[in-house]
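Q: Following the hints, complete the assembly by docking chain B onto the known chain R.
Top line first, the protein sequences correspond to chains R and B.
Position 45 of the first sequence, counted from 1, bears residue number 45 in the numbering used here, the numbering being contiguous throughout.
Just so we're on the same page, the numbering used here is the position in the second sequence counted from 1, plus 152.
No wet-lab data here; the hints were simulated from the structure.
In this text, all values refer to a predicted model and were calculated from it rather than measured experimentally.
Here a beta-carbon is modelled for each residue, glycine too, at the ideal position from N, C-alpha and C.
Hints are not guaranteed to be accurate.
Calculated cross-link-like contacts (lysine to any residue; reagent style SDA-like; alpha-carbon spacing at most 25 Å) [unchecked claim]:
#1 B:Lys220 x R:Ser65
#2 R:Lys10 x B:Thr234
#3 R:Lys10 x B:Glu246
#4 R:Lys10 x B:Gln239
#5 R:Lys10 x B:Ser286
#6 R:Lys68 x B:Met279
#7 R:Lys10 x B:Lys220
#8 R:Lys94 x B:Pro244
#9 R:Lys92 x B:Ser245
#10 R:Lys94 x B:Ile218
#11 R:Lys68 x B:Ser286
#12 R:Lys94 x B:Cys265
Simulated restraints on C-beta separations [unchecked claim]:
#13 R:Glu142 x B:Ile230: 55 to 61 Å
#14 R:Ile9 x B:Pro264: 30 to 36 Å
#15 R:Ala134 x B:Ser245: 48 to 54 Å
#16 B:Lys217 x R:Lys94: 53 to 59 Å
#17 R:Asp93 x B:Ala219: 23 to 29 Å
#18 R:Lys94 x B:Ala219: 22 to 28 Å
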Amino acid sequence: MAALPRRIIKETQRLMQEPVPGISAVPDESNARYFHVIVTGPEDSPFEGGLFKLELFLPEDYPMSAPKVRFITKIYHPNIDRLGRICLDILKDKWSPALQIRTVLLSIQALLSAPNPDDPLANDVAELWKVNEAEAIRNAKEWTQRYAMEDN
Amino acid sequence: MGNCLKSTSTDDLTLLNGRSNDSARESIDQEPNLQFQDHIQPNFYSVAGGSNTVQQSLTEDEQIKIAKRIGLIQHLPITQYTDENFQSKKVPSECDICMNDFVVGDSIRYLPCMHQYHVLCVDNWLMRSLTCPSCCEPVDASLLSSFENV
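Extracted from the complex, chain R is given alone in its bound form (with noise of 0.2 Å):
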């Protein structure tokens, strides 16, 4: 394998001595640009108690192309489909090499908070958001329960 730029190692550092409240990434024993994060379902959000398993990695040309990054932990909300696939324009067209995995991370738990029906990658998900917040939000808390809160 290849040497690993020194600015994979600093980010891994710093993500280590100065973890992100609510997040933690961990590099892959065996490849180094593939971590193993989690993320905790923000407060006063239906995905609040929950713990979200996602899988993120770095490209080859990585910081000049978006790390890539997808849900594992079945998830109801309108910009993630049923994949884990994330709809969210910092890690599409709205990439910069300034971006990092700590800030591509906090992007995702803030589009937790503030779903986007307007612009959505799970259409039934987002078209029942938006016809009746209610019931989608009901189902997002029961989705959270019965996949993000399971001790395994």
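A: Below, chain B alone, put in the same frame as chain R:
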């Protein structure tokens, strides 16, 4: 935002598949402090996106676009990082792109918004997007239009 539905699902379903078996293309990341002369700069540009297969088959239009982009970037001022910079603290102590400390003698490129980066780091980015990595300001829209719409 938007367009997420259109982006075809080339995302690896398990990102572990992307475990790096990359070989030669690390060199760009590794040498952020590399010193080089202005006039040989274009040698360092890799084509945006970085897919080897695409690189082989650039159309003439694409090649012209790249050449214009290089021309534009070279209008942005370069200075050497000096001891004064280091002491004044007006210039940040590290490059936001490679996260390495600026070292006296490093070539620094100034963008119109006055953000500074290593020349090699920011040029690599500007070939992909003519925006400042830190503030997202377009790198001189007027220059851009005069160059790219010729």
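Q: Hint by hint, work out which the structure violates, then give me just those numbers in ascending order.
A: 7, 9 and 16
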